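Engineer: What follows is the residue order along each chain.
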Amino acid sequence: MTETAAVGAQKLEWVGKSVVRKDGAGKVTGETKFFSDMSFPNMLFAKAARSRYPHARIKGINTKKAEAIPGVVAVLTHKDVPGVNGFGIVVPDQPVLCHDKVRYLGDAIAVIAAETMEAAERAAQLVEVEYEPLPVVSDPVEAMKPDAPKVHEKGNIQRHATVRVGDVEKAFREAAVVVENTYRTGRQMHMFLEIEAGVGMLDEEGNIVLYVGGQSPYRDQMQVSRALGIKPEQVRVISTPVGGAFGGKEENTVQIHLAMLALKTKRPVKMVWTREESGVTGIKRHPMIVTMKTAADRSGRIVANQVRIVADTGAYASLGPTVLDVAIENSCGPYRIPNIDIDAYLVYTNNGVAGAFRGFGAPQVNFTVESNLDIIAEKLGMDRLEIRKKNVLREGDIGPFGYKLLGSIGIYETLQKAERSDVWRNRERYKSTPSAPWCKRGIAVTTAVKGFGFGALPDFGAASIQITPTGKFVVGISCPEIGQGAVTAYSQIAAEALHCDISDVYIASADTLLAPDTGSSSASMALVRGGNAILAAAPKMNDLLLKTAAKIFGERKEELRFKGSHVVSIKNPKKSATYAEIAQYMHRTSSETKVVAGFNVPRVDKPVKGSLEIPHWSYMYASAVALVEVNTLTGATKVLKFFLSPDSGKIINPQSYTGQCEGAIVQGLGFALTEDTQIENGIVRTNNFTTYIIPTICDIPEIEVDPVETYEKIGPFGAKGLGEIGIIPVGSVVANALYDATGARVFTLPATPERVYKAIREKKGLGDFASKSQS
Amino acid sequence: MKHCTEGGKPVGNPVRVRVKIFGAPMLALESNELMLELGEEATTEDLLKSIPVKDRDYLYIVREGIRLKPSTKLKDGDEILVVPPIAGG
Chain A
85 MTETAAVGAQ KLEWVGKSVV RKDGAGKVTG ETKFFSDMSF PNMLFAKAAR
135 SRYPHARIKG INTKKAEAIP GVVAVLTHKD VPGVNGFGIV VPDQPVLCHD
185 KVRYLGDAIA VIAAETMEAA ERAAQLVEVE YEPLPVVSDP VEAMKPDAPK
235 VHEKGNIQRH ATVRVGDVEK AFREAAVVVE NTYRTGRQMH MFLEIEAGVG
285 MLDEEGNIVL YVGGQSPYRD QMQVSRALGI KPEQVRVIST PVGGAFGGKE
335 ENTVQIHLAM LALKTKRPVK MVWTREESGV TGIKRHPMIV TMKTAADRSG
385 RIVANQVRIV ADTGAYASLG PTVLDVAIEN SCGPYRIPNI DIDAYLVYTN
435 NGVAGAFRGF GAPQVNFTVE SNLDIIAEKL GMDRLEIRKK NVLREGDIGP
485 FGYKLLGSIG IYETLQKAER SDVWRNRERY KSTPSAPWCK RGIAVTTAVK
535 GFGFGALPDF GAASIQITPT GKFVVGISCP EIGQGAVTAY SQIAAEALHC
585 DISDVYIASA DTLLAPDTGS SSASMALVRG GNAILAAAPK MNDLLLKTAA
635 KIFGERKEEL RFKGSHVVSI KNPKKSATYA EIAQYMHRTS SETKVVAGFN
685 VPRVDKPVKG SLEIPHWSYM YASAVALVEV NTLTGATKVL KFFLSPDSGK
735 IINPQSYTGQ CEGAIVQGLG FALTEDTQIE NGIVRTNNFT TYIIPTICDI
785 PEIEVDPVET YEKIGPFGAK GLGEIGIIPV GSVVANALYD ATGARVFTLP
835 ATPERVYKAI REKKGLGDFA SKSQS
Chain B
2 MKHCTEGGKP VGNPVRVRVK IFGAPMLALE SNELMLELGE EATTEDLLKS
52 IPVKDRDYLY IVREGIRLKP STKLKDGDEI LVVPPIAGG
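Top to bottom, those sequences are chains A and B.
For the first sequence, our numbering gives the first residue as 85, with consecutive numbering after it.
For the second sequence, our numbering gives the first residue as 2, with consecutive numbering after it.
Okay, chain A solo, but in the shape it has when bound:
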């Protein structure tokens, strides 16, 4: 029996079922209260005074006029930061409040708490700062030059990583075909519906309590305590529910400012960024410039890949160093490539701040490797799907960075599904029926890969389970529900492991007081880390239940078994106790009612030389097919059909699974076609839904999701992560389909109408059509 078949044969009550989402009804009816909806008696309103320049030295700060505004209760500056005046999960290079220099327009110089939002906003405008403007660093390539103005004293190259395997030069010399191109990708914005927001206050003992929609309450706790110079235990963070995150809330946003103001005023303080403030201040996806030289032999086998990546991290590092690693790792796709040579740079500029965004560096390089592969296929006269089947990784393979692949690999099977999909099988028919004579249709297939979790970096997570006097279970997990369906999936896993009804499981999610540290909802890892932590804790709880029932029955626990929220005697089935009866006994006798257990995420001992976290222990995979229609008169592109076959291991909840994939595809369409935060000389020009265009319901194609269920041995019930894999191939498959439609290739995403139109004109030999801003 294959492992996949074994999963199918396992009798599961809850896992694998489309259980209705626990958070669904509240969200669709508007009943759910997000933290931006919260209000407390005696609450103050907070506002940050931010920089007026993208790059300037601060010569002086005067808050007197701000303090004089009626209703203003506190105005805090860098002098009021008692601990480390810096944040950034890994590299705390971003000032909590700036004192000597500003590096982008989102830099905060003061934070104000006032009785009304109007007073806070007025005071923020009246914080007087004397600036000495500095040259703005806006081009990451220019920023790398030794004589470029420095964003940080140590220089503008935050990280330079090199990874080399084999001999690319020899491979290039011997190859049948070599292609080299430079690609660019946009600065995508997360555009979550709930903007960065929260409420901070003190509890009765003077400890700080933060209600903030973030992705990692324990990391927030650490960052707040580090900035305030206090013990982490003095900060409680509650982070569920979150109105969308996608990586943009992994980093500190309002947390430290709220904590400072609550501590100063001893009153509840609420801060809600405006949409425009979010657009200027918040995290973005790293724009990347990628030059890729790829070679193949006559049979279409890829023999070498040389990659140079320049990633614009903006003013601060945030999670850029590890985003760069994922870009390196994904630049070779899910392919066997014996010779690689990668140089990657993370560069400071004054272009906002880039950090984590769903895909974490992978969509950018996926666009490049998949484009180069289609070009190679064309040069060799090969079918685009066949060349991928020839090169994709198989179980037992050595990965492109020279390590043996340990996790399940279903990429070949996803390609088979793509091959059998309606849109691929009938591609010539679909292409032959454009909606107008001046429209052209094209179809492409691409693949994607991404590790889930932190790769070679240490990672761990714990869960607690407590039984209530009524026989229900409270499961403590710190990974927030950010819309991905984590709470429902955890409930399914817990119900399965505890032999109870799913309605008897309550997930106490993302509260540092109530849940142990399960890590973050990021890196497509919340399900695997949290699910495994539950599976580590559940046997301990089951043991408590059996021991207690054994006492009640006067039997040995080995003579008992579980049966639907009961413990029954095997010898005498009439002896039975409900969980409620057992729980009442436990509480009456003051017995232990809570267990905690943890899970160390499997990892390789040492990262690949030159990297921080490569390789991952296991990877998600996907193949995608897209049918597009291009209006050749305007360059406007519409995606008509999208097929996605992910390999994300065992599916815990098919409905949530499909939803995650559909959401990822739609967000990927934004990356592919429209989304790019325009920053000119440090000034953000597209900071709201009027100017920053995301896909709407009118842009959503017919989507089909047809998964491959491999069994991942490190995942709960064989599951892998899922959250990111669906977005990764979207840019590449749309770009390649555009080429299939028009014969014109775009080397820059998003493929805006202007870029597509220009590419079509150039293909026809008509030259540029005047726009110089759209390269």
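Quick caveat, the hints were computed from the structure, so don't treat them as lab data.
These numbers come from a predicted model, not from an experiment.
Do not take every clue at face value.
Claimed, not checked - Capping the alpha-carbon separation at 20 Å, the derived lysine to aspartate or glutamate pairs in EDC-like fashion look like this:
#1 B:K74 <-> A:E676
#2 A:K238 <-> A:D223
#3 A:K254 <-> A:E503
#4 A:K690 <-> B:E46
#5 A:K315 <-> B:E80
Start from chain A and add chain B according to the hints.
Structural biologist: Just chain B now, with coordinates in the frame of chain A:
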């Protein structure tokens, strides 16, 4: 075997723990793996005081996937991970 105990002498029955240290905190160390012998009542905080690492207040001390509090008592044979604030993708 490295002895890190009160006044240079073991207190009560010694607690032997294996410590793995990751990332920046171990810059001052030659190896990322240590064997420590601590006093009988040794806590997480005692362990941290006995190793030359940076930013000790914000390190994660992990045993069997569970982050430990400063006051958590260590057990003989424990394998402890010392992890700086970290994130990847």
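Engineer: Decide if the proposed pair is consistent with the structure: A:K254 and A:E503, CA atoms, cutoff 20 Å inclusive.
Structural biologist: The hint is violated at about 34 Å.
Engineer: Between B:K74 and A:E676, does the CA-CA distance stay at or below 20 Å?
Structural biologist: Holds, at about 19 Å.
Engineer: Taken at face value, is the distance from the CA of B:E46 to the CA of A:K690 at most 20 Å?
Structural biologist: 28 Å, violated
Engineer: Could you grab the alpha-carbon distance between A:K315 and B:E80 and see if it respects the 20 Å cut-off?
Structural biologist: Measuring from Cα to Cα gives roughly 24 Å; hence the hint is violated.
Engineer: Hinted pair, alpha-carbon criterion (20 Å max): A:K238, A:D223. Please report holds or violated.
Structural biologist: 18 Å, holds
Taken one by one, the earlier hints fail for this structure at numbers 3, 4, 5, listed in ascending order.
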